[in-house]
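Q: For reference, the chains in residue letters:
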Amino acid sequence: MTVLTSQNTPQRAISIRSPTIRIVIACTAFAVLLAAPIVLPAYFVEIGFKLLIYIVLAEAWNLLAGYGGLVSLGTSSFFGLGAYVTVGLINHAGAGPLQALAASALAGIAVAIVMSRGLFRLRGLYFTVGTLALAEALRLFVINVPWFGGATGLFVTVDLPEIAALFRYATLLLALAALVMALATGSRFSVLLRAVRDDEDAAGQVGVRAFRIKLAAFIVASALIASAGGLQAIKLGAIEPYGSFGLQWSVDPLAIVIIGGLGMRFGAIVGAVLFVAIGELLADYPELHVAITGVTLILLIRFAPRGICGLAEAALRRRGAAPREARP
Amino acid sequence: MTAAAYSAPLLDAAGLGKRYGGVVANDGIDIRLDKGRVLGVIGPNGAGKSTLIGLLGGAIAPSAGRIHFEGDDITALPASERARRGIGRTYQIPRPFLDMTVAENLAVGQFSLSPFISAATATAERRDILDRCGLADAADVKARDLPLLRRKRLEVARALALKPKLLLLDEVGAGLIDSEVSELIALIRSLMDGERSIIIIEHVIRIVKECCEGLVVINFGKVLTKGPTAEVLASDEVSAVYLGTSHGGTAKASPIAVPSTTDDPAPSPSATTAPVLALEGVSAGYGQARVIHDLSLSVMPGQVVGILGTNGAGKTTLAHVISRSLPVTAGSIRFAGNDITNEPAHSVAARGIAHCMEGRRIFASLSVEENLEVAARHVRAAERKLRLERVYALFPILAERRNSGGTSMSGGQQQALAIGRALMAKPRLVIFDEISLGLAPVMMDRLYEALAELKREGLTMLVVEQDVERALDLADTAHIINKGRITLSGPTSVVRADERLRHLYFGTEE
Ligand SMILES: Nc1ncnc2c1ncn2[C@@H]1O[C@H](COP(=O)(O)OP(=O)(O)OP(=O)(O)O)[C@@H](O)[C@H]1O
Ligand SMILES: [Mg+2]
Numbered sequence: 030m031t032v033l034t035s036q037n038t039p040q041r042a043i044s045i046r047s048p049t050i051r052i053v054i055a056c057t058a059f060a061v062l063l064a065a066p067i068v069l070p071a072y073f074v075e076i077g078f079k080l081l082i083y084i085v086l087a088e089a090w091n092l093l094a095g096y097g098g099l100v101s102l103g104t105s106s107f108f109g110l111g112a113y114v115t116v117g118l119i120n121h122a123g124a125g126p127l128q129a130l131a132a133s134a135l136a137g138i139a140v141a142i143v144m145s146r147g148l149f150r151l152r153g154l155y156f157t158v159g160t161l162a163l164a165e166a167l168r169l170f171v172i173n174v175p176w177f178g179g180a181t182g183l184f185v186t187v188d189l190p191e192i193a194a195l196f197r198y199a200t201l202l203l204a205l206a207a208l209v210m211a212l213a214t215g216s217r218f219s220v221l222l223r224a225v226r227d228d229e230d231a232a233g234q235v236g237v238r239a240f241r242i243k244l245a246a247f248i249v250a251s252a253l254i255a256s257a258g259g260l261q262a263i264k265l266g267a268i269e270p271y272g273s274f275g276l277q278w279s280v281d282p283l284a285i286v287i288i289g290g291l292g293m294r295f296g297a298i299v300g301a302v303l304f305v306a307i308g309e310l311l312a313d314y315p316e317l318h319v320a321i322t323g324v325t326l327i328l329l330i331r332f333a334p335r336g337i338c339g340l341a342e343a344a345l346r347r348r349g350a351a352p353r354e355a356r357p
Numbered sequence: 170m171t172a173a174a175y176s177a178p179l180l181d182a183a184g185l186g187k188r189y190g191g192v193v194a195n196d197g198i199d200i201r202l203d204k205g206r207v208l209g210v211i212g213p214n215g216a217g218k219s220t221l222i223g224l225l226g227g228a229i230a231p232s233a234g235r236i237h238f239e240g241d242d243i244t245a246l247p248a249s250e251r252a253r254r255g256i257g258r259t260y261q262i263p264r265p266f267l268d269m270t271v272a273e274n275l276a277v278g279q280f281s282l283s284p285f286i287s288a289a290t291a292t293a294e295r296r297d298i299l300d301r302c303g304l305a306d307a308a309d310v311k312a313r314d315l316p317l318l319r320r321k322r323l324e325v326a327r328a329l330a331l332k333p334k335l336l337l338l339d340e341v342g343a344g345l346i347d348s349e350v351s352e353l354i355a356l357i358r359s360l361m362d363g364e365r366s367i368i369i370i371e372h373v374i375r376i377v378k379e380c381c382e383g384l385v386v387i388n389f390g391k392v393l394t395k396g397p398t399a400e401v402l403a404s405d406e407v408s409a410v411y412l413g414t415s416h417g418g419t420a421k422a423s424p425i426a427v428p429s430t431t432d433d434p435a436p437s438p439s440a441t442t443a444p445v446l447a448l449e450g451v452s453a454g455y456g457q458a459r460v461i462h463d464l465s466l467s468v469m470p471g472q473v474v475g476i477l478g479t480n481g482a483g484k485t486t487l488a489h490v491i492s493r494s495l496p497v498t499a500g501s502i503r504f505a506g507n508d509i510t511n512e513p514a515h516s517v518a519a520r521g522i523a524h525c526m527e528g529r530r531i532f533a534s535l536s537v538e539e540n541l542e543v544a545a546r547h548v549r550a551a552e553r554k555l556r557l558e559r560v561y562a563l564f565p566i567l568a569e570r571r572n573s574g575g576t577s578m579s580g581g582q583q584q585a586l587a588i589g590r591a592l593m594a595k596p597r598l599v600i601f602d603e604i605s606l607g608l609a610p611v612m613m614d615r616l617y618e619a620l621a622e623l624k625r626e627g628l629t630m631l632v633v634e635q636d637v638e639r640a641l642d643l644a645d646t647a648h649i650i651n652k653g654r655i656t657l658s659g660p661t662s663v664v665r666a667d668e669r670l671r672h673l674y675f676g677t678e679e
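From first to last, the protein sequence lines are chains E and P.
According to the working numbering, the first sequence is numbered sequentially starting from 30.
According to the working numbering, the second sequence is numbered sequentially starting from 170.
Among the hints, a few may not be true.
[As the list claims (entries may be wrong)] Far from chain P by the CB rule (all over 10 Å, computed), these chain E residues:
1. Val140
2. Leu169
3. Ile172
4. Thr181
5. Lys264
6. Pro315
7. Leu326
[Stated by the list, open to error] Simulated restraints, written as ranges between beta carbons of each label pair:
8. Ala341/E x Ser516/P: 28 to 36 Å
9. Arg331/E x Arg313/P: 19 to 27 Å
10. Arg313/P x Arg150/E: 26 to 34 Å
11. Glu552/P x Ala320/E: 42 to 50 Å
12. Pro565/P x Ala320/E: 52 to 60 Å
13. Glu382/P x Asp230/E: 25 to 33 Å
Rather than coming from a laboratory, the hints here were simulated on the basis of the structure.
All C-beta atoms in this analysis are idealised placements derived from N, C-alpha and C, irrespective of residue type, glycine included.
Turn these sequences into a full structure, and let the hints guide you.
A: This is the structure we're talking about:
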C-alpha cells in the first residue's frame with residue numbers, strides 16, 4: 030500500500046510509485062480520452078462510453094465492497110435514481126446535462142444518508158440483502174407513483190447531446206471517480222476504511238467511528254453511481270423502471286470487480302475492459318456471453334480470489350523474488 | 170490537567186454486571202483506579218476477567234452498573250468514543266486487522282485519533298512502539314502472516330498507538346518463556362510513567378507480582394478479594410481457587426479421575442520397539458524463509474516428548490510439519506512405519522496424528538459439544554459418547570456448557586476445548602502446541618494430572634510447552650530447539666541438569 034511507504038523502504042528517485050509520475054500518467058490518459066472521439070469511429074465511441082460507465086460503477090462498487098467490506102447489491106437503486114432525477118430535471122426544469130448530473134449526484138448522496146441509519150445496522154450478508162431490498166423498493170415506488178410514467182417510463186423531451194459529447198462527460202465522470210478513488214484508497218482514510226472492513230469491532234476499540242467511515246464511502250460511491258445512471262439515461266433518451274433499476278446494474282459491477290480484483294487498485298479498470306470486450310465479441314450470442322462470464326467468475330473465485338490483478342501481483346512478486354517474512 | 174484537578178479516580182466502575190442468558194459473567198464488580206496506578210486482575214478460567222475488560226473498553230454493554238472515567242459517566246459511550254478518551258485494550262484472542270500490515274495496524278489508531286498528525290511523527294511513533302514491542306522487523310508483514318504470540322504483541326502495540334491513559338492488557342504474557350516474560354515486564358514497567366494507568370489480566374503470576382501494586386481476584390463473576398499484591402497472593406483462599414499447588418499455595422487441586430476407555434493394556438515404552446514417529450533431516454519454512462533446518466528426532470510408542478525453546482525457535486513450525494499442514498523442503502517423516510512426507514494433512518489425521526494447535530481454531534458456529542464431536546465423526550455413536558464422557562470428566566466446564574457456542578467460551582475454556590477436541594480423535598500421537606496457553610495455574614495442575622494419567626494409559630505425546638518445569642516433569646525425553654535446530658536432547662533428567670537449559674530459561678545465551 031502506498032500510505033505508509035516511508036516505513037522501511039527508502040524512496041527511490043523516479044519510479045512508477047512516485048506520485049508525480051502517477052499524476053502525469055493519469056493526466057495524459059485523460060487528455061487522450063478527451064481527444065479520442067475526434068479520431069475514433071462512432072462504433073468505438075459507443076463502446077468506449079459503455080466502458081467508461083462500467084468503470085465508474087465498478088470503481089464505486091470496489092470502494093464499497095473491496096475496501097469497505099460493504100458488499101452491496103444496491104448499485105441499481107442509485108443508478109436508477111440518477112436516471113430519473115436527470116431526466117426529470119432536463120424535462121421539467123430546463124437543466125443542462127451537467128447541472129442535471131450534478132443534481133443526481135446530490136440526490137444519490139441524500140438517499141445514501143437517509144438509508145445509512147438502517148442499512149449500517151445490518152452487517153455482512155444482511156447488509157447485502159438490505160441493499161437489494163432498497164433497489165426493489167425504489168423500483169416499485171417509481172412504478173406505482175403516478176409522476177414517473179409508471180412501467181412505461183419517461184422520454185427526454187429536449188434535444189440530446191451527441192455521442193462524442195456524452196463520451197467526454199463520461200470521461201470527466203471517470204476522472205472524478207479516479208480522483209476520488211485515489212484519495213479514498215491511497216490516503217489515511219483508506220487505512221481506516223480497511224480497518225473497518227477487516228474487523229469493525231476491533232476498529233472501534235482503536236477509536237475508529239465505523240459509522241462515519243462507512244457513510245463517507247457510501248456517499249462517495251452513491252454519488253458516482255447516480256451520476257453514471259443520469260449519464261446513461263441521457264444517452265438512451267428514454268428510461269423505464271425495469272431498465273434503470275435492473276438487477277443487471279447491481280450484478281455487472283460485482284462481476285467486473287471480481288474478475289479484475291476485489292480491493293485491488295486497478296481491479297475495476299481491468300475487469301471492465303475484459304467484461305466489455307467479452308460482451309462485444311459475443312454480442313450476437315447472449316447465452317454464450319452469460320455462460321462464459323459465469324464460468325470465468327467461478328474459475329477466478331476458485332483459483333484467484335483476488336482476480337486478474339491479484340494474479341498479476343503475485344507473478345510480479347515472484348519475479349521480483351522479494352523474500353517473504355519468516356513466520357517462525 | 171493536573172492530577173490534583175481530579176478528586177475522582179481516573180476510573181470508577183461500580184456494580185458492573187453482565188449476563189449471557191443463564192451465564193452470569195460479571196456480577197456487581199467495583200473497580201477504582203487512580204491515575205498512574207497498575208492493577209492486576211486474576212481469577213480462574215471463565216471467572217469474568219475478559220468480560221470486565223470488554224465492559225470497560227466498551228465492546229460489551231453492561232447489564233448493570235456504571236462506569237466513570239476522568240469523572241465523566243461513560244457507561245453509554247461506544248467503544249470508539251472510549252478509545253478516543255484514552256482507553257486502550259488488547260484482545261486475549263488477538264484480533265488484528267488481518268489484511269493490513271503491522272505498521273498499518275498501528276496507523277489505524279493514530280489516524281483515527283489525529284487525522285492530521287505529520288507523517289514523520291506518525292512514522293517515528295510507530296517505529297518506537299514496534300521497537301519496544303519487539304516487532305520492528307515485522308512492520309511490513311501482513312498481520313495474517315504473524316504467528317499467535319507475535320499477534321499478541323501486535324495487540325499491545327496497537328493499543329499503545331492510541332497513547333492510552335488507561336491500558337487494559339488481557340493475558341499478553343501467555344505462552345512466553347521466562348526470559349521473554351522478563352522482557353514483557355520491562356516493557357510494562359517502561360509504560361508506568363506515573364501518568365498512565367494499567368489493568369493487567371494475567372495467569373503468569375510473575376508478571377502481576379512484579380508489575381502490580383494491587384490485585385483484584387475475581388471468581389464466578391464476583392470480586393473474591395482485593396488488596397496489595399503480596400497479601401492477596403499469600404492468602405489461602407486465593408491459593409485454593411486459583412493458584413493451586415504452584416507458587417507456594419497450600420491447597421492441592423482435587424485429583425480428577427479419568428475414566429478409561431482403552432481395553433488394550435498400556436504399552437510400556439521399551440527400547441526394542443520401532444519409533445512411532447521419525448523425522449530424518451527435515452527442513453521447512455514459509456516462502457523463502459527457512460525456519461527449521463536438518464532436524465531429526467524420533468518418538469517411541471507411549472513416550473512423552475517435550476519440545477522446549479524460545480518463541481520463534483521453530484516449535485510451532487515443527488508441529489505443523491509433523492501434522493503435515495506445512496510442506497517440507499528436505500528430509501523425510503515416517504509415522505507408524507509409513508512414509509508420510511508427502512501425505513496431505515487429512516490423511517495424516519486419519520492415520521492417528523492429532524494436532525492441538527496454538528491458534529485453537531474453535532468453530533464459532535458449532536456448540537462446544539459439536540466442536541468435540543467433529544473430531545470423532547467417523548466412529549460409532551456409542552464410542553463417541555464414551556470419548557465425550559471422558560473429555561467431560563477431564564474438563565467439567567465443557568460438560569456444563571456443552572450447548573454454548575464454541576467461541577462464546579472464555580480464553581482458557583477454549584483452550585480446554587481445543588485439548589479435548591484433540592483427545593476426541595483418540596489419536597496414536599497427539600501434538601500439543603502451547604498446551605497451557607491461557608490456563609489458570611490451578612487449571613494447569615489439573616491438566617498435568619490428566620496428562621500424567623493419559624501417559625500411564627500409553628498415549629504418545631509431543632508437548633510444546635513454555636513452562637519448562639512442568640514439561641520436564643511430564644516428559645520422558647526433551648529436545649531444546651534454537652533457531653530451527655535441535656541444540657540439546659536427551660532424557661529429561663539429563664536435559665534438566667544441562668547448562669544450556671538454564672541459558673534458555675534465563676535468556677543468558679548470546
Ligand atoms: N458471548 C458469550 N456468550 C455466552 N457466554 C459467554 C460469552 N462470553 C463469555 N461468556 C462466559 O462468561 C464467563 C466469563 O468469561 P470471560 O471470558 O470473562 O472469562 P475469563 O475470566 O476471561 O477467563 P479466561 O481466564 O479463561 O480468559 C465464561 O463462563 C464464559 O463462558
Ligand atoms: Mg479471558
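Q: None of the hints should be skipped; say for each whether it holds.
A: Hints versus structure:
no., hint, in the structure
1, Val140, "26 Å, holds"
2, Leu169, "35 Å, holds"
3, Ile172, "40 Å, holds"
4, Thr181, "47 Å, holds"
5, Lys264, "38 Å, holds"
6, Pro315, "37 Å, holds"
7, Leu326, "22 Å, holds"
8, Ala341/E x Ser516/P: 28 to 36 Å, "35 Å, holds"
9, Arg331/E x Arg313/P: 19 to 27 Å, "20 Å, holds"
10, Arg313/P x Arg150/E: 26 to 34 Å, "28 Å, holds"
11, Glu552/P x Ala320/E: 42 to 50 Å, "49 Å, holds"
12, Pro565/P x Ala320/E: 52 to 60 Å, "57 Å, holds"
13, Glu382/P x Asp230/E: 25 to 33 Å, "31 Å, holds"
Going down the numbered hints, you'll see the structure goes against none, and every one checks out.
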